[in-house]
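*Asks:* Chains A and B are the protein sequences, given in the same order. Quick note, the first sequence lines up with residues 20 to 166 if you use my numbering. Quick note, the second sequence lines up with residues 1455 to 1504 if you use my numbering.
The calculated DSS-like cross-link candidates involving lysine-lysine, where the alpha carbons are at most 27 Å apart (straight line), are:
no., chain 1, residue 1, chain 2, residue 2
1, A, K85, A, K98
2, A, K164, B, K1476
3, A, K27, B, K1478
4, B, K1488, A, K94
5, A, K27, A, K164
6, A, K98, B, K1463
7, A, K164, B, K1463
8, B, K1476, A, K98
9, A, K27, B, K1463
10, A, K85, B, K1478
11, B, K1476, A, K94
12, B, K1476, A, K85
13, A, K85, B, K1488
14, B, K1488, A, K98
15, A, K94, B, K1463
16, A, K83, A, K164
17, B, K1478, B, K1488
18, A, K85, B, K1463
19, A, K83, B, K1463
20, A, K94, B, K1478
21, A, K27, B, K1476
No lab work stands behind these hints, which were simulated from the structure alone.
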Amino acid sequence: MSMSYKEKSLIASMGVTLLLFGWYFYGAFSNLSLNQEPQLSTIIALIVLVIISEGIIQSFLALKNKPLLEDERDKLIEKISYRYSYGFLSACIWFLMVQILLDTWFDNHLILILTTPFGIFHFLLLFFVLSEVIRFGTQLYYYRKGI
Amino acid sequence: MSQQTLADKVGVTRQTIFAIEKDKYSPSLEVAFKISNVFKTPLEDVFTYE
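Okay, chain B solo, but in the shape it has when bound (with noise of 0.2 Å):
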């Protein structure tokens, strides 16, 4: 999946989610949530606290 696509799914630009990825933001719960629901998987699955 790209990361627009994504992005349109979440509601957000292709800029945070690229963001997200490389590690220089960090979502908001409801964010964390919406990108879990796209991939249909647990939350701490796609994403983990260090």
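One chain only, chain A, in its complex shape (with noise of 0.2 Å):
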């Protein structure tokens, strides 16, 4: 099954994001250090590390492969994957709200690990990168099945 530029693309870009921050949330979650304040010089060396490996990839990617200017197709399908990234971010975010009043409102009897200040970091970079996921998987989705 040949895969077009974009495809390619996308793939890269939803592996690198798996595999850096799957790695920086299996450390976070395996040592259960959620409520651990995170450490900034982790966070800034997995952004740097996260630019480059995507512009490696990228840019080999553009030398094998000749890359094309959006059209159409590529905004609608873009356009729609955000839809989907949206509609997933604000039910995570309504939820880790509710969380924090429901913490407030039965006086720390409920706390959740997610309910501290680091664990609310830890689950809004969490779901952060899951709806950069669903954006990358609904393009390949699409661009796969069609529109």
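These two chains come separately, so use the hints to put the complex back together.
*Replies:* Here's what the structure looks like:
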């Protein structure tokens, strides 16, 4: 099954995001260090790694394939993928807001790990990353299935 | 005419022409008119509404 330049580019972006942020969240969740202050150096290193990896992979893909300009189909697929991504992110943020309110109303008796400041930070980061993955995934789906 | 030639004349990507041919994408009116202009045939001879 041959893939277009756009599909390869999307798979590369999704792979880099999943791999690098997956590594970060594996560390954060497996060590149960959600309550601990996130290391600023780790976050900066992660962002720099994502930018460098994306740059290298996208340049390599552009060398091997002829990059194409976006047309109306690309823009339509992008618009739909942003809608799904936004919907997911909104739902997650509402979920987090309800958790914080519940925590306040029940006087910290229902204290959950995600209502601590660093817990909120980690979960927000997770939701942003997942919404990005949903955006890439939706685009790939519509490029394959058609629209 | 190759897909790439048609794509260049219409101003879309080859993948979009491929998707239109495979019935995986319904183009905008603008692109539909451009395609029919390239073939110098009426729009309804190039596209059908089902």
